[in-house]
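Using the hints, position chain B against chain A.
Listed in order, the protein sequences are those of chains A and B. Read in order, the letters of the first sequence correspond to residues 119 to 520 in this note's numbering. Read in order, the letters of the second sequence correspond to residues 46 to 268 in this note's numbering.
Hints were generated in silico from the structure; no laboratory data involved. Incorrect hints may appear among the rest.
Claimed, not checked - Taking lysine-lysine pairs in the DSBU-like style, the calculated list, with each CA pair at most 35 Å apart, reads:
#	chain 1	residue 1	chain 2	residue 2
1	A	K510	B	K164
2	B	K129	B	K164
3	A	K510	B	K129
As the list claims (entries may be wrong) - Computed Cβ-Cβ distance ranges for the label pairs, DEER-style:
#	chain 1	residue 1	chain 2	residue 2	range
4	A	P475	B	L183	36 to 42 Å
5	B	R67	A	N414	41 to 47 Å
6	B	L183	A	I461	53 to 59 Å
7	B	Q246	A	P136	44 to 50 Å
8	B	D116	A	I400	18 to 24 Å
9	A	I461	B	D110	54 to 60 Å
10	A	W502	B	S72	41 to 47 Å
In this text the structure is predicted, and so the values were computed from the model without any measurement. Every residue gets a Cβ at the ideal spot worked out from N, C-alpha and C, and that includes glycine.
Letter by letter, the chains look like this.
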Amino acid sequence: MTLRDTLALAWGSLAHQPRRTLLIALAMSIGVGAVVVLTALGEGARRYVLEQFASLGTNLLIVLPGRAETSGMAPGVLTGQTTRALTLADADAVMRLRGVARAAPLNVGVARVSRGGLSREVVLLGSTADMLEIRHMRLGQGRYLPPGPSNQATPVCVLGERIRAELFGAGNALGEWVRIGDRRFRVVGILASQGQQMGFNTDETVAIPVAAAQQLFNTESLFRILVEARGRAAVPEVRASVLELLKTRHEGEADVTVITQDAVLATFDRILTALTLAVAGIAAISLGVAGVLIMNVMLVSVAQRRSEIGLLKALGAPAASVRRLFLAEAGLISLLGAAGGLILGLAASFALGRIYPALPIIPPLWAVAAAVATALVAGMLFAWLPARRAAKLDAALALARR
Amino acid sequence: MIELDRLSRTFQVGDQHVHALREVSLSIAAGEFVSIMGPSGSGKSTLLNLLGLLDRPDSGTYRLDGADVTDLGDAETARVRREKIGFVFQFFHLVPRLTAAGNVALPMLLAGVAPAERKARVAQLLADVGLSERADHLPSQLSGGQLQRVAIARAMSMSPALLLADEPTGNLDRATGREVLALLEDLNQRGMTLIVVTHDQEIGARAGRRIVMEDGRVVEDGA
Chain A
119 MTLRDTLALA WGSLAHQPRR TLLIALAMSI GVGAVVVLTA LGEGARRYVL
169 EQFASLGTNL LIVLPGRAET SGMAPGVLTG QTTRALTLAD ADAVMRLRGV
219 ARAAPLNVGV ARVSRGGLSR EVVLLGSTAD MLEIRHMRLG QGRYLPPGPS
269 NQATPVCVLG ERIRAELFGA GNALGEWVRI GDRRFRVVGI LASQGQQMGF
319 NTDETVAIPV AAAQQLFNTE SLFRILVEAR GRAAVPEVRA SVLELLKTRH
369 EGEADVTVIT QDAVLATFDR ILTALTLAVA GIAAISLGVA GVLIMNVMLV
419 SVAQRRSEIG LLKALGAPAA SVRRLFLAEA GLISLLGAAG GLILGLAASF
469 ALGRIYPALP IIPPLWAVAA AVATALVAGM LFAWLPARRA AKLDAALALA
519 RR
Chain B
46 MIELDRLSRT FQVGDQHVHA LREVSLSIAA GEFVSIMGPS GSGKSTLLNL
96 LGLLDRPDSG TYRLDGADVT DLGDAETARV RREKIGFVFQ FFHLVPRLTA
146 AGNVALPMLL AGVAPAERKA RVAQLLADVG LSERADHLPS QLSGGQLQRV
196 AIARAMSMSP ALLLADEPTG NLDRATGREV LALLEDLNQR GMTLIVVTHD
246 QEIGARAGRR IVMEDGRVVE DGA
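Looking at chain A on its own, in the form it has when it is part of the complex (with noise of 0.2 Å):
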């Protein structure tokens, strides 16, 4: 028998049962679906973390002090040494270094801002000019800190969109004196409000010169060294030269750690590849359970149709046709209820994009045909039992009974 023909009578007898054909291929259709939906959503999540760190710079190195070690004491418990810190003159050295695009340094601490009668804390960000295009803010009015040597301590500072609204409310901010700590500091910019980006909140911030902030808070260490790559291919590069430099530049003694963006960014690709993996796998379950719906369903049939296998048997088939007969039924089922699945879960897709327009919610490719797939093979497999069975009918006896 041709396999067309073999597809054209299995279709036949489906058609024969339109109701009973429908409700399985649905049955099929809620497992495809609820895979290609959970998976866009799982796919959505994670490009929604990587865009977030996309935002951040991908070129973007963090240093800093200390080594990263896997035993839970600081190093320098051990050895009575502490570890030695950051300083300015490093960052001026690593922004000098090949491949580097811009290089900033940052302390951060807390601090009261107050103006007249108004004040709060606010975490204080002392750091340079280049540290607004290094973290891929938005200036809203003014200018951001001074470009010139980082060890000038000009009493300027940039106020988040936030610290502003509560110091000025409708009032006029730029050039009028905030004081900080114990020191005046005149304002000549406002950042434009940008909300959460990671967990930091860039409109709770206030921005002096590094410099300054050293001042205030009686240090001569950084907390970070913020380092812009010239590109993604140099950062590998840029990571080894800056370790070198400061291996260099703190006796010989490799003290500090940098962390690239792509690292962090890998773990979190891992993570949620996984997670979408996880209620990938969760939903093919009711596929699974499709599968036996199918099987029951198909072998009320094969009790159904025993005269009709032993005609089939009598006229010349042998136990192969009528096994691929009804494998072929599962199978065309399987096809109907992938399709039915497809359209439901994108359909759904869509809407939930609509519901949540900052989630990219796509069906991932791999998604969608593997769901495909496994509704086929999961039906095929289910048909075996009762196909067999078919196939294995005595004719004699299906034909004797009426």
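Quick look at chain B alone, frame taken from chain A:
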């Protein structure tokens, strides 16, 4: 054409062995019209199933067209049935969702005959049994006699050398039964070997050779 040598078949019913056939030896020549009669339980249906390769004997050999077909594998048995044997049943056994033409085409479908050739042969076969106008009717829209004629057309579709009929008129009224019988006799006259299992004395009388069975044995064999 058919050589049966001491064919036996036993069925197990509960813990009893029922001897449906006891060492039946028979020889049937090509072109014969043979009727097999006997009370129910005499083994005539078992004999027909064995002749049609729907069942296997416990012992003995069956030679069809000179070839031993006793112990063929499933695929081979199916091929022999497809190419050499046609079946006509008491309850017609037409597939209810297929039209008359679809039912007639079924054996050719199983044999992998190309659609164009299939169509032409179905038209010829339906014309032979006088049902050209009913080609697109479903079995539920046909009368008993018409159903049996469709079944005969189906049995003839692969031009088999042997036609096995199990009570072909058992479910028909007398007049229709005669028509169907005439159709079968006509096929026999054109050279086909015809073996009919029947209770009907009239058919038995018209057969060229009558075999009477009782208790799994041939008790009478003659003209």
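Going down the list of hints, with the structure as the test:
1. K510(A) - K164(B): Status holds; Cα separation ~31 Å.
2. K129(B) - K164(B): 21 Å, holds
3. K510(A) - K129(B): Answer holds: K510(A) to K129(B) is near 22 Å, not above 35 Å.
4. P475(A) - L183(B): 36 to 42 Å: 55 Å, violated
5. R67(B) - N414(A): 41 to 47 Å: 44 Å, holds
6. L183(B) - I461(A): 53 to 59 Å: At 33 Å between Cβs, range violated.
7. Q246(B) - P136(A): 44 to 50 Å: Distance hint for Q246(B), P136(A) holds at roughly 48 Å.
8. D116(B) - I400(A): 18 to 24 Å: Roughly 52 Å apart at Cβ, these two residues miss the hinted range, so it is violated.
9. I461(A) - D110(B): 54 to 60 Å: With Cβ atoms ~56 Å apart, the hint holds.
10. W502(A) - S72(B): 41 to 47 Å: 44 Å, holds
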